[in-house]
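Asks: Protein chains in written order, with the UniProt record's numbering: chain A, 1 to 463; chain B, 1 to 434.
None of these hints come from the bench; they were simulated from the model. Computed from a predicted structure; not experimentally measured. The C-beta atom is built at its ideal place from N, Cα and C for all residues, glycine as well. Just so you know, not all the hints are guaranteed correct.
[Stated by the list, open to error] Computed footprint of chain A on chain B; a stretch qualifies when at least three of its residues, placed anywhere within it, have a C-beta under 8 Å from a C-beta of chain A:
#, stretch
1, 12-18
2, 229-243
3, 273-279
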Amino acid sequence: MNQKLLSRKAACNIHGQDSSYFLGWQEYEKNPYDPITNQTGIVQMGLAENQLCFDLIESWLENHPDPAAFKKDGALLFRELALFQDYHGLPAFKGALAKYMGEVRGNKVAFDPNRLVLTAGATSANETLMFCLAEPGEAFLLPTPYYPGFDRDLKWRTGAEIVPIHCSSSNGFRITKPALEAAYQDAKKRSLRVKGVLVTNPSNPLGTTLTRYELDILVDFVVAKDIHLISDEIYSGTNFDSPGFISIAEATKGRDNVSHRIHIVCSLSKDLGLPGFRVGAIYSENEAVVSAATKMSSFGMVSSQTQYLLAALLSDKEFTDKYLLENQKRLKERHDMLVEGLRRIGIGCLKGSAALFCWVDMRHLLKSNTFKGEMELWKKIVYQVGLNISPGSSCHCDEPGWFRVCFANMSEDTLTLAMQRLKSFVDSGDCGSNHDSGHQRPRKQFLTKWVLRLSSTDRKSER
Amino acid sequence: MAKKGVPLSEMATADTHGEDSPYFAGWKAYDEDPYDAASNPSGVIQMGLAENQVSFDLLEDYLEQHPQEFGWGCGISSFRENALFQDYHGLQTFRRAVALFMEQIRGGRTQFDPEHIVLTAGATAANELLSFILADPGDGLLIPTPYYPGFDRDLRWRTGVNIIPVHCNSSNGFQITLRALEDACTGAESMKVRVKGFLLTNPSNPLGVAITRPILEEILDFVSQKDIHLISDEIYSGSVFSSDEFVSMAEIVEARGHEERERVHIVYSLSKDLGLPGYRVGTIYSYNDQVVTTARRMSSFTLVSSQTQKMLASMLSDKEFTKNYLRTNRERLKKRYEFVVERLSNAGIRCLRGNAGLFCWMNLGELLEEPTVEGELSLWNLILHEAKLNISPGSSCHCLEAGWFRVCFANMSQQTLEVALRRMKDFTEKMKEG
Chain A
1 MNQKLLSRKA ACNIHGQDSS YFLGWQEYEK NPYDPITNQT GIVQMGLAEN QLCFDLIESW
61 LENHPDPAAF KKDGALLFRE LALFQDYHGL PAFKGALAKY MGEVRGNKVA FDPNRLVLTA
121 GATSANETLM FCLAEPGEAF LLPTPYYPGF DRDLKWRTGA EIVPIHCSSS NGFRITKPAL
181 EAAYQDAKKR SLRVKGVLVT NPSNPLGTTL TRYELDILVD FVVAKDIHLI SDEIYSGTNF
241 DSPGFISIAE ATKGRDNVSH RIHIVCSLSK DLGLPGFRVG AIYSENEAVV SAATKMSSFG
301 MVSSQTQYLL AALLSDKEFT DKYLLENQKR LKERHDMLVE GLRRIGIGCL KGSAALFCWV
361 DMRHLLKSNT FKGEMELWKK IVYQVGLNIS PGSSCHCDEP GWFRVCFANM SEDTLTLAMQ
421 RLKSFVDSGD CGSNHDSGHQ RPRKQFLTKW VLRLSSTDRK SER
Chain B
1 MAKKGVPLSE MATADTHGED SPYFAGWKAY DEDPYDAASN PSGVIQMGLA ENQVSFDLLE
61 DYLEQHPQEF GWGCGISSFR ENALFQDYHG LQTFRRAVAL FMEQIRGGRT QFDPEHIVLT
121 AGATAANELL SFILADPGDG LLIPTPYYPG FDRDLRWRTG VNIIPVHCNS SNGFQITLRA
181 LEDACTGAES MKVRVKGFLL TNPSNPLGVA ITRPILEEIL DFVSQKDIHL ISDEIYSGSV
241 FSSDEFVSMA EIVEARGHEE RERVHIVYSL SKDLGLPGYR VGTIYSYNDQ VVTTARRMSS
301 FTLVSSQTQK MLASMLSDKE FTKNYLRTNR ERLKKRYEFV VERLSNAGIR CLRGNAGLFC
361 WMNLGELLEE PTVEGELSLW NLILHEAKLN ISPGSSCHCL EAGWFRVCFA NMSQQTLEVA
421 LRRMKDFTEK MKEG
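Construct the complete structure from the given sequences, taking the supplied hints into account.
Replies: This is the structure we're talking about:
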C-alpha cells in the first residue's frame, strides 16, 4: 500500500520523537544502569520522576487495603465502578482532588470540584486546552526554555503554533515585560494570531517558581491583549525551598476581568509520583471551557478504578499533610546533594526551589559557545560518561551550555555515582577550553563501547 | 462589569460534538427521572445505553477467588514499578493477555501479535486516533448506515474529517451492497471529498447483526480496488450469540497477501464484552507498522491506567476463566435477546433478525403518523414521556427509513426488562386503539 496514504499528521515529525530529549532516553533504554547487573550502564537523569516518597503511599495502601480492592464498608463496588464512565468524573474523586489542590497551595485559595475536568494525564489536559482555545494556525506564547514535550502536546494534532518568549541567564531566565511584548510582535510578524500565554509554574526545566511580579505582569499582559493564560502547575507540590510557590489562582484573587481567561493544569504524576495512573485535570472558572473540555475528555478519561483509589488517598487529610511535608523535605535534601556535588566539580546551577531537576550551567565546559558545541558535550556525557541529561537546546533555550539534570528518580547511591563519573570526566579535561590539560589521564580509559556507538548513532536511524 | 468575551476555538463552541442529538437528550430525561424498582417504579427505564450487565457475577467471583490481583501484594517494588509505568507501548503482560483474549473470541481462527497492539483509553479514543492518522481534515470516511451516533463526534469533531454514509435499507436486511458503496464514492467525488477509508462495525451497532463472510470479502476487495483503508470496529465480537457466526476481518485478511493487510486496522475494547466501560480499555490492532508506530505515539494523549492494565492482565491471561466467561456471556445474551424478540412479537412488533450485541433493531413503522424523521421523533418523544422508555431513534443513527429504533436489553435486570417490555406492549396497544 502506498505509504503516502497516511495523513499529514502521521507523516510529519512534529511529535518530536526525533529530538535529543527522546534520543537520550532511547540510549538509556538500550543500556540502563543497574547497581548490580549493569554498573557501567547509563544513568537516567533525563526523566522527571519523583521516586522519593513511595514508601509513604505504600504504607497507606497497606493500612487501607479496601479502596484498591473495590471495597467500601464491606460492600464490593466492582460493578458500579466498572460501569462508571461519566465524563464528569467520580464526584468523590473530584472533591478530594479539589481539596488536595487547595492544600498544596497552603489553603490560600479554594477550588470548586465542579470546575475541574479530568483527563488522562496533563499531556491530555494541555492538548485539550489547545483544542478549546486556539484554531489551527493560531499561537500560544511560551517562555523559553520549556518542556520539550510541549512541541508535541500543544502543536501536533491541534495545528497550533508556539512562539517563544525569550528568557536569558542575564536575569535568571525571568519573564520580563519587554520579552512578552517582543514575543507578541514576533507572532504578528509571522502573521500568527496570539490566543494566549502558557507558563509552567514551578518551571520545567528551570526548577524555579514565578515571582509575584512575574505573575502580575503576565496577568496584565493577557488582560491588555484580551487573551488566555494557561498555568501548568503540575509541579506545585514539589516546592521545597523559599521562595515559595504562588499559584496563578492566588495571584488573581480579587482581580476583575480575569478569571474567565485563566486555566490551570494539574496532575498527580509529579507530586505523588504516579505517572502510570494517568491522572490530570484542567481547572477553569470559564464555563464554556469547562463544558467543551469535559466533552473532549471522552477521548482520554481517567480509569474509574484509579479515581476510586485516589479519592480515598487524597481525602485522607492526615496523609496528605504528612506527605506534602515529607516530600518537600526529601526533595530539598536530594536537590542540595546534587547542587553540592556539582559545585565540587566547579559546575553551577540556576538557584531553584522546586521541581525534580536542576538547571545546570555547563557553558564553561563547551569547546565552542554554540549549539554544536552543546551537542558535542551532550554526546560525550551520554556515551562516555554514561549520564542521560537533557540539553538546553531540546528545551528551546536561547543560550548553549545549559542542561536539565534530574535528581529525584534515583537512589542516593546512584546520584553519588553519577557525580563521581562527572567529576572524572571534567577532571580529565576532555571538554571545554578552560581546563589545565597538564594532568590529563590517558584517553583510552574513556574509550568505552559508547564512543564506538557514537559514530553509529550519528547515522539517521529508522524507528 | 466583567467582560466575558475571550474567544474560544470554533471547535469548542460549535455543536460538532453531537451532544444535542436525541440520542443524548433521552439520556438526560433518564438522568432526571431514573427508574428504580423500589424507590421510583414509574421512572424512565434506560434502554438507550449499550452496556453489558448480564455477566458481572462471573467477574466478581473471579476477583473474590484471586484477591491478590487487585492490589500490589507485599512486594515493595510492585507498587512503585506499576505507578511509574507510563510507557506508551503498554504493559507487555497486558498486551499479550488482550491478544490472547481476542484470539479466543475468534475461536483460535486468527492470530494476534502483541507487538501490533496499541492501547488507548477506550474505543472512543481508538477510533478518533485512526481518523487522525488515516485522513486529513476535509477527507472522508465511508460508514454504512445506520451507525453508532457517537461516530459523528469521535471521527469528525477534532479531526475535521467527514463521514460519507453508505446507505443500507431494510429491503435486504440492511446489508452493505457494492452498489451502495459505489454510490457513496460517487457522491464524495462530486463534493470533492477525498475518500480515505471505510469503517465497518462488525457485529453492527445498532443492527445487532454479524456481517457475513461474502460481504466481508467484497468489502476488502472494494477497499483494495479503491486503495483506501479499512477500519473494522469489532468491539461487540465477544457478544455474538453463537461463536461460529462471527467472522472477523482478521480471518479474511490472514488469507490475503501483505499489501492488502496493510490497509486493515481492527478496533477492540473491553467495554462491551466484559462490561467494563469505566476502566477505559480500548485497542487498535493494525497490520501496518507505520500506523502502529504513529498510533503508539499518539496514544500518549490517551493511555490506559497502569493500575488497570495490571489488574486485567492477570484476569485475561487465565484461559479457563475467559473460556468460561465467553461461553456463558454468549448464552445469557442470546437468552435475553430471544426473550425480548418474543415479547415484542407478542405486542405485534417486528425486529430485524439479529445474532449479536446488546440491543435489537426494532421496527415501529406502523405506529408513525407520517413516515418521516419528524414522525419518528414525535413517536420517540411519546415513548419517552408516556411509556417512560428511553430508546434510540433510527434517525439519530442516520437510518434513512423512518420508524426503526434501537432497544438495549443487557443493561438491566431481568425484572426491569419485563417491566419495560410490558410498558412497550401497553403503549403499542394504546396507540393502535387510538
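Asks: A separate judgement is required for each hint: does it hold in the structure or not?
Replies: Comparing the hints with the structure gives:
no., hint, in the structure
1, 12-18, "holds (count 3)"
2, 229-243, "violated (count 1)"
3, 273-279, "holds (count 5)"
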